[in-house]
Amino acid sequence: MSSASILLPSDRSIRDAPVLTVPEPWGLMLSPTWRGGMGLAVHSTARGRPTSDAPMLRGAFAGTKPAIHEIAWAQKEWNVCTRKLANQSHLVFMDLQEIEPGVGQNQSLAKLSRRYRAIIHACVLDLKEAANASGDDSLVAKYDTQCQLFEITELIWHLSEILFIECVSGSRVIPYLLEWLRWHKPEVSEFAQEIANQLAPDRHPEYWNVIKLLILHGRTEEARNLLLQHPARKHGVYDAYSSMDELLRKMPLQSHGTHSVSEFNLRWQQWREECLLRLSEGQFVNHGHLQHIAQLLCGDRDAFCEARDLCGSWYGLMVSRLLFSDPVIRALDLRLHAEPSMALMGDDVEVGVLDNILLAMLQYNIPEVISLISSSFGNWWSIAHLADLLHHAGQLESHQLEYGSSMREFLLLEYASSLMSHTSLWQVGADYFLQCPVYGKHYLEVYLDRIAPESDMMAIKLLRLCNKSGLEELACSICKKMAMQAKKNERMGSALNWAIRSKDASFSAAIADKFLSQYAESGHFPCLDMVDHLNPAMLINDQMIFLAKYREFHRLYSSSQLKDSAELLVSLLTSRLAPKKYWFMLLIDCLPLLELDQVVFASDQTYELLQCLEEVEELGLLNVSDDDMDDVRVRASFQLSLCELVLSFCRKQLMVKRYSYFELVLQQIWLVLFWTTMVQVDSLR
Amino acid sequence: RIMAASNSAQEPVAKYVGHKVARVRWRPTPSGSLEEPACFVSGSWDDTWNRVSIWRTGMREDGSFAGKWSSLAREPQLEGEIRHDGNVTDIQFVDSERFIVASSTGSVCVMRHRQAPQAIDVAHFWDRLHSCASGQSPVACTALSVNPPDVVTVGEDGRINVLRIDVNQPLLSIDADSLTITCVACVRQSELLTGSVGGQLKLWDIRQPTSGPAKILMLVDDPVALHCLDQHPNQQHVVATGGEDGVLSVWDTRQERSPLAQREAHTSSIWEVKFHPACPDNLFTCSEDGSLWHWDATTRLMSGFTSTPAAHPVGLGITAGSGSSYSPWLTDDSSRSEIQATNLLPWHRLPVHSLDVQMRSLVCGTDSEAIIVMNDLCIR
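Order-wise, the sequence lines are chains B and G.
Under the working numbering, think of the first position of the first sequence as 5, with each following residue one higher.
Under the working numbering, think of the first position of the second sequence as 61, with each following residue one higher.
Incorrect hints may appear among the rest.
[Claimed, not checked] Straight line, CA to CA, 25 Å or less: simulated SDA-like cross-link-like pairs of lysine to any residue:
1. LYS472/B <-> VAL307/G
2. LYS275/G <-> LEU560/B
3. LYS485/B <-> PRO283/G
4. LYS146/B <-> VAL280/G
5. LYS492/B <-> PRO293/G
6. LYS507/B <-> ASP282/G
7. LYS472/B <-> THR402/G
8. LYS445/B <-> MET278/G
9. LYS115/B <-> ASN403/G
10. LYS518/B <-> GLY195/G
11. LYS553/B <-> VAL280/G
12. LYS275/G <-> LYS507/B
13. LYS507/B <-> PRO283/G
14. LYS484/B <-> GLN196/G
15. LYS472/B <-> PRO283/G
16. LYS484/B <-> ARG143/G
17. LYS132/B <-> GLU191/B
18. LYS472/B <-> ASN403/G
19. LYS275/G <-> LYS445/B
20. LYS485/B <-> GLY195/G
21. LYS484/B <-> GLY195/G
22. LYS553/B <-> SER318/G
23. LYS553/B <-> MET278/G
24. LYS275/G <-> ALA552/B
25. LYS507/B <-> MET278/G
[Said to hold, decoys possible] Simulated restraints on C-beta separations:
26. LYS518/B <-> TRP109/G: 36 to 46 Å
27. ILE225/G <-> GLY139/B: 36 to 46 Å
28. MET488/B <-> ALA338/G: 42 to 52 Å
29. PRO293/G <-> ALA541/B: 33 to 43 Å
Because the hints were derived from the structure by calculation, they are not lab data.
Since this is a predicted model, take the numbers as computed values, not measurements.
Backbone N, C-alpha and C fix where the C-beta goes; we use that ideal spot for every residue, glycine too.
Looking at chain B on its own, in the form it has when it is part of the complex (with noise of 0.2 Å):
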């Protein structure tokens, strides 16, 4: 079987695409059709295009006909995790949007970040305990993937919640920097909490390490009970132990700005010397950790290069490193440290992306960042979010892109698309698209028509998109679409109502057209429920009312209210409503009116009814031919001049009626005569 194949978009590069083969047998050459997204329609335009091979393929698939292939990429990003953040974060971005500039802005900006961040936490708890749980490998392989994304994820937002967002002032930027390094290193709580736990702490592999990590993170309560643990530790001796308790213990710490910037530059200051003087009287020198831990406090570059293992990143170096040397750094200097930092861990160490993007965070360079994770994260999710977030946080605004709109705008676009790439996810995506001012709502239109409203209340549901959104087309392409259905299926009374909604006059017509043909095939009005209850909303031209009016006239008659019932019909032929076909059969359902006893019509509209009969004849609306005989029409023609002769006899009847009383008995009486004769010879017929 001949088959063709298709690149697909890769996360990386061109080089390493993925390639899927689509068994088609006529495909001699694949035609891609874009279905927005990440989605493509294929198929083969090989057919009629004869070619050396094409004879004995289609000898060979007779029997098969061309198809069309929908091929979808990146849906198994989308799991119960995923999608759980997908609709968590939707509810923190929608209330970011309504956040008021002005004042305190930037606290409640940074409150929603840490919802973010919470939420991408979460995620990532999850995607853990699905991997655990499912016993598929490559399965697992991909959480493991998704988990390790969103924690680097995580780590970034973090870091641009501090730099972008809390320290846009400049102001001192370490203890926000020591919060980052605590909470994306986990680890060593929990080792602490296992080494405090065990009887000798000490001989815990991992005792010292975890005591310099505490110190390297700012935890110095949590090292110094460790310390205190040690058994060459004495009561009541002061040793190199207890000058490094003391040490640790006097190290001023600046929580968030309690003091002034001078007054902790001080106690720092003097606290250092102390350090400095200690180490230099060599108080430390036999104990080999206490003096890597005294090197440490005093910011020595050659301890810390020893502690780089420990510290296990450049940037968990860096923040250390300025926490021994540098407390009260601002932000915007940070960059100064990033290089140093990483020339610091060694020569060997390859610079990664997440390397890239932290450095380019440092910089303040954010269209950098934006560009870096864009082209190596592979979901829109991390990106279009932060932007947004930076946007609002006033970051983003001297990025105009070249193309398109603003960067907000591109990247709300693109993770809109995938959302809307996903069968149910449409509902989050439509409110992606509203946000965003230039192009959101014609994303959104071409997206939406190509959702098939499977039901009414899907189409309900779509339609109060339209509404929300001020798609008014849509909303009416929607409801023609059901009305199409609808008629499809044989229902006509909901065909008539979607297509009232529709505001389609002439759909609507038609459909109330055929309700008409069918009573005058048949003599019984379909979906009565419905007709009898259009309400005026609903007459929205000329068939319709007539539609209404005409089953009026009906009730009217059939409630004896035969005055008003004949007036209404007459005014039905006059006013010119009634479409000409069916005016004949108006002109039949006089017949019973004229044959009352007492006399419903006026003068006047007796001449009008005349008029309306003769016009029916000069129209040839019921002209016989001798090869169609068909028996309903003769039938209808003998009617008709029935018809003729009661109307003329009526009108006689009122002239005469001036005259005297006498003569229009008889005349009543000659009707009569001549009215059961020709029902007779009708019969007979």
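Go by the hints and put chain G onto chain B.
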């Protein structure tokens, strides 16, 4: 008076289930029991494959929660699920074990919840109960009502089917409406009430299926589609409906034609309306606009209560009679205190599609793929 605050003592627990939830139903507790329900069924819609799932809340029988007092421990746990063909459009329990599921494919099935091991299986299946006139393509079954041993289903084909569990052919089929029937309730032993897209409520006597509806009640001025209805558990003539325009209407089926009281709270379609089964002075509605309202009419019953000016002049102002037939829902006397309405999910945005309430427990299912459980409702 409308307050936008939670009246539940505990924060609602949201469990994100990874599919949009079309229906949620508490499993009935034994009658007369004062236990809080601990088990519910959900059905999904609009997914690559839809499912019916059974859940257990984190609550133990004595009313406390298993595990820690964290929201994670309070999350409902999945006990079993089964794949379902088409969107789930309605679920109703027959007894504490069996429930009936309606599908957008026009078919209906009886499912059974097995206890050990926890699982759901299909006990009976009716294929294509609802289809277009030529019988070619099936259309959605939109709602069902259970009146053991009979089941009534309605659909987009405007047909009412009366089924008996375990009997293959419908006992009765009525072509009842030229528009989609969206909701149905068995109001008395042989009487049905159906609501349609045309804004009409029709009362049917199934002993005389051919003679047409026994009564038609309708929204007169502006017939918008009705989406859901619920009958007052004690006063059979009181029926509440929710419409596409977000208006809650309360009808007296003994009266002619139009609803007796109408209240606007939602800005879009009401998808489900429920009287509290034990305390029917409490009513709940959920809507496409993302809100879930608790309507509390108990203050109306207290005489001499300080009057508050009405927020919305609503209803047609017909005073109900006194005595046992008095229903706070059927009156609109703004001189006395207004019915209180509270939005239970003020933070929520995407549509809330379904709700069920028993005792002090409420569960609702949303298009944001969450099942939200509230345990400590303030029911008066």
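* Asked: Taken at face value, is the distance from the CA of VAL280/G to the CA of LYS553/B at most 25 Å?
  -> Roughly 18 Å between the alpha carbons, so the hint for LYS553/B and VAL280/G holds.
* Keeping to a limit of 25 Å between CA atoms, is the pair of LYS275/G and ALA552/B held or broken? -> Holds, at about 22 Å.
* Mind checking the alpha carbons of LYS507/B and ASP282/G for me, to see if they're no more than 25 Å apart? => 17 Å, holds
* Does the alpha-carbon distance linking LYS275/G and LEU560/B stay inside the 25 Å limit? -> 21 Å, holds
* Satisfaction of hint between ASN403/G and LYS472/B, Cα-Cα up to 25 Å -> Holds, at about 21 Å.
* Has the given pair, LYS472/B with PRO283/G, been kept, meaning a C-alpha gap of at most 25 Å? -> Within the cut-off at roughly 21 Å; holds.
* Asked: Is it true that the C-beta distance of PRO293/G to ALA541/B lies inside 33 to 43 Å, as the hint says?
  -> With a Cβ separation near 36 Å, PRO293/G and ALA541/B satisfy 33 to 43 Å, so the hint holds.
* Given the proposed pairing of LYS553/B with MET278/G, does the C-alpha separation stay at or below 25 Å? -> Given that 25 Å is the threshold and the Cα spacing comes to 21 Å, the pair holds.
* Asked: Straight-line Cα separation of LYS275/G and LYS445/B no greater than 25 Å?
  -> Given pair LYS275/G, LYS445/B is violated - Cα atoms ~46 Å apart, limit 25 Å.
* In this structure, is the beta-carbon distance linking MET488/B and ALA338/G contained in 42 to 52 Å? -> 47 Å Cβ-Cβ, so the 42 to 52 Å window holds.
* Asked: Taking only the CA atoms, is the gap from LYS445/B to MET278/G under or equal to 25 Å?
  -> 37 Å, violated
* Asked: Are ILE225/G and GLY139/B spaced within 36 to 46 Å by their CB atoms?
  -> At 38 Å between Cβs, range holds.
Violated hints, in rising order: 4, 5, 8, 12, 16, 19; the structure is consistent with all others.
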